[in-house]
Structure formats: structure tokens, C-alpha cells
Amino acid sequence: MAKQKIINRDYKTVLFDYDGTLFDTVEADQYVARQKTLRRFSPEWVQARKEYLEHVKQCPLYDGWHQVFEYIKANNIQAAIVSGNNREVLNVAVRTFGLQEIFPKDKINRIGCKDATGRRIRKRGGNPALFEYALKQLKEDPTHVLAFGNELCDAQAAGNAGIKAYHCLWGADAGEKELMLADPEHQCITSPLQIIDILRSEVNSQNQPA
Numbered sequence: 058m059a060k061q062k063i064i065n066r067d068y069k070t071v072l073f074d075y076d077g078t079l080f081d082t083v084e085a086d087q088y089v090a091r092q093k094t095l096r097r098f099s100p101e102w103v104q105a106r107k108e109y110l111e112h113v114k115q116c117p118l119y120d121g122w123h124q125v126f127e128y129i130k131a132n133n134i135q136a137a138i139v140s141g142n143n144r145e146v147l148n149v150a151v152r153t154f155g156l157q158e159i160f161p162k163d164k165i166n167r168i169g170c171k172d173a174t175g176r177r178i179r180k181r182g183g184n185p186a187l188f189e190y191a192l193k194q195l196k197e198d199p200t201h202v203l204a205f206g207n208e209l210c211d212a213q214a215a216g217n218a219g220i221k222a223y224h225c226l227w228g229a230d231a232g233e234k235e236l237m238l239a240d241p242e243h244q245c246i247t248s249p250l251q252i253i254d255i256l257r258s259e260v261n262s263q264n265q266p267a
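Basically the working numbering = 1-based index in the sequence shown + 57.
In short, the hints are calculated from the structure, not lab data. Computed from a predicted model, the values in this text were never measured in an experiment. Mixed in with the good hints, there may be bad ones.
[To be verified] Cβ-Cβ distance ranges computed for the label pairs, FRET-style:
#1 H123 with L95: 24 to 30 Å
#2 S258 with D163: 30 to 36 Å
#3 G183 with H123: 28 to 34 Å
#4 L238 with R179: 19 to 25 Å
#5 R257 with Q87: 37 to 43 Å
#6 K130 with P100: 41 to 47 Å
#7 I165 with Q124: 21 to 27 Å
#8 D67 with Q124: 19 to 25 Å
#9 G121 with R96: 37 to 43 Å
[Claimed, not checked] Simulated pairs of lysine-lysine, DSSO-like, Cα-Cα distance not exceeding 30 Å:
#10 K107 with K171
#11 K130 with K193
#12 K164 with K107
#13 K193 with K164
#14 K171 with K193
#15 K164 with K69
Virtual Cβ for every residue (Gly too), placed ideally from N, Cα, C.
Can you build the whole structure from these sequences, using the hints too?
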């Protein structure tokens with residue numbers, strides 16, 4: 058697989074997808090499907106939503122993330138969740154697992170599927186709008202950012218916003234894995250721990266003579 062070209066950047070920020078990248082959300086996802094069959098804000102929908110949020114609290118972080126968090130804290134790297142999921146879900150997950158130090162600010166370090174106007178944004182088709190909104194909230198230049206997600210559209214959308222992105226295979230379904238492995242534009246990784254190696258290699262590349 059062709060590797061992305063390494064250029065001299067000062068990486069200050071990392072962006073992570075939520076579902077299937079940070080957290081194993083398979084068990085909770087069935088409750089999302091149920092909500093979609095119900096009239097929004099009906100008593101049945103409200104109950105399904107409540108059950109979903111309770112299951113969000115039980116979705117585990119994938120192995121290796123705590124080490125990644127320790128590394129980015131020690132190296133003063135800013136982190137944010139950029140997800141097609143609702144920000145309410147991100148807030149529940151962050152509070153439940155005590156990740157406020159990593160993702161401290163709602164609407165800045167936890168970017169859900171809506172922008173400041175309430176407009177819903179999707180990553181599908183490589184739409185960069187959600188990442189562009191995240192960059193604006195973080196006051197960050199895309200050349201200083203790395204992104205990680207478990208779907209092809211995550212990397213495509215980040216790339217279209219000028220962000221260097223990586224495919225995360227551990228939370229992807231079989232179809233997404235096939236697509237990501239066949240993508241020559243972005244490298245694939247198989248464990249969150251590889252993010253530490255990537256950050257180290259990017260820093261080292263900055264110190265190499267031209």
C-alpha cells in the first residue's frame with residue numbers, strides 16, 4: 058500500500074471518531090436502530106433514547122487508548138472527538154469514563170453531528186464540513202492536525218479538509234475494512250497503540266535535515 062507523503066508539519070492536535078474508533082459501540086447500536094423506527098419525541102422514542110444512553114455508559118474503550126491519552130497529555134497534544142453521533146452521546150461517554158481532561162470542553166473538544174446553527178452534518182461522501190467546523194472551534198490549522206477513524210468516509214472527509222488521516226481497522230466491519238485496505242491514499246493501523254508510534258515518527262520527521 059502506498060504511504061502518505063511525510064511533510065514537515067508541527068502536529069499539535071489529534072481528532073478521533075467515536076463509534077468503533079474510541080469505543081466499542083456494537084451493543085448500543087441496536088438501540089439507535091430502534092429509535093429510527095419510532096416517531097421522534099414520542100414516549101416510545103424517549104424511552105428508547107434513555108435506554109440507548111444507558112448502554113452508551115457500558116460501551117468500553119478499546120484496549121490501548123489509556124496509553125494514547127497518557128502520551129498526548131505528556132506531550133501537550135490537543136485532542137477532540139469528531140463524530141457523526143450526537144454531542145449528547147459524546148458528553149455521556151466522556152463523563153462516564155472520566156475523560157474530561159482529554160476532551161475538556163463541550164462544543165470544542167467534543168464535536169457532534171451538528172454545527173453552531175444546529176445544521177446536521179455527515180461525513181458521508183467525504184464531506185469535509187464537520188472537520189472544517191472542528192478546526193474552527195479548535196482554532197487550529199489543518200496542517201497541524203492528524204485524524205483517526207474506522208470508516209472510509211472519516212479519512213476522506215478529513216483529507217478534504219486538509220487533514221492527514223489514518224484508517225483504524227479494529228472497529229470496522231468487514232466491508233469497511235476491505236474498502237480501507239484498498240485505499241492507496243491513507244495508511245491503515247490495527248491498534249490504538251500505533252497512534253503513539255505515528256506521533257513519535259511525525260515529530261522525528263520534523264527534526265530530520267532537509
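Pair hint outcome, K164 versus K69 [Cα-Cα no greater than 30 Å]: holds (19 Å)
- request: Given the hint that K107 pairs with K171, test it: the Cα-Cα distance must not exceed 30 Å.
  value: At roughly 20 Å apart (the allowed maximum being 30 Å), K171 and K107 satisfy the hint.
30 Å Cα cutoff - pair K171, K193: Since the Cα atoms of K171 and K193 sit roughly 14 Å apart, the hinted pair holds (cutoff 30 Å).
- request: Evaluate the given range 19 to 25 Å for the C-beta pair formed by L238 and R179.
  value: For R179 against L238, whose Cβ atoms are near 23 Å apart, the range 19 to 25 Å holds.
field: Pair hint K130 and K193, alpha-carbon separation not exceeding 30 Å
entry: holds (22 Å)
- prompt: Could one say that the CB atoms of D67 and Q124 fall in the range 19 to 25 Å?
  reply: Since the Cβ atoms of D67 and Q124 sit about 23 Å apart, the hinted range of 19 to 25 Å holds.
task: Could you say whether the range 41 to 47 Å given as a hint is met by the Cβ separation of K130 and P100?
output: For K130 and P100 the Cβ distance comes to about 43 Å; the hint holds.
- request: State, for the Cβ atoms of R257 and Q87, whether the hinted interval 37 to 43 Å holds or is violated.
  value: holds (38 Å)
field: Satisfaction of the hinted span 37 to 43 Å by the C-beta atoms belonging to G121 and R96
entry: With a Cβ separation near 40 Å, G121 and R96 satisfy 37 to 43 Å, so the hint holds.
message: Does the beta carbon distance between H123 and L95 stay inside 24 to 30 Å, or does it fall outside?
response: The hinted range 24 to 30 Å is violated for H123 and L95, with Cβ atoms some 36 Å apart.
message: Does K164 sit within 30 Å of K193, going by the straight-line distance between their CA atoms?
response: holds (11 Å)
query: Given a hinted range of 28 to 34 Å, is it respected by the beta-carbon distance of G183 and H123?
result: holds (31 Å)
In the structure shown, a violation is registered for the earlier hint numbered 1 alone.
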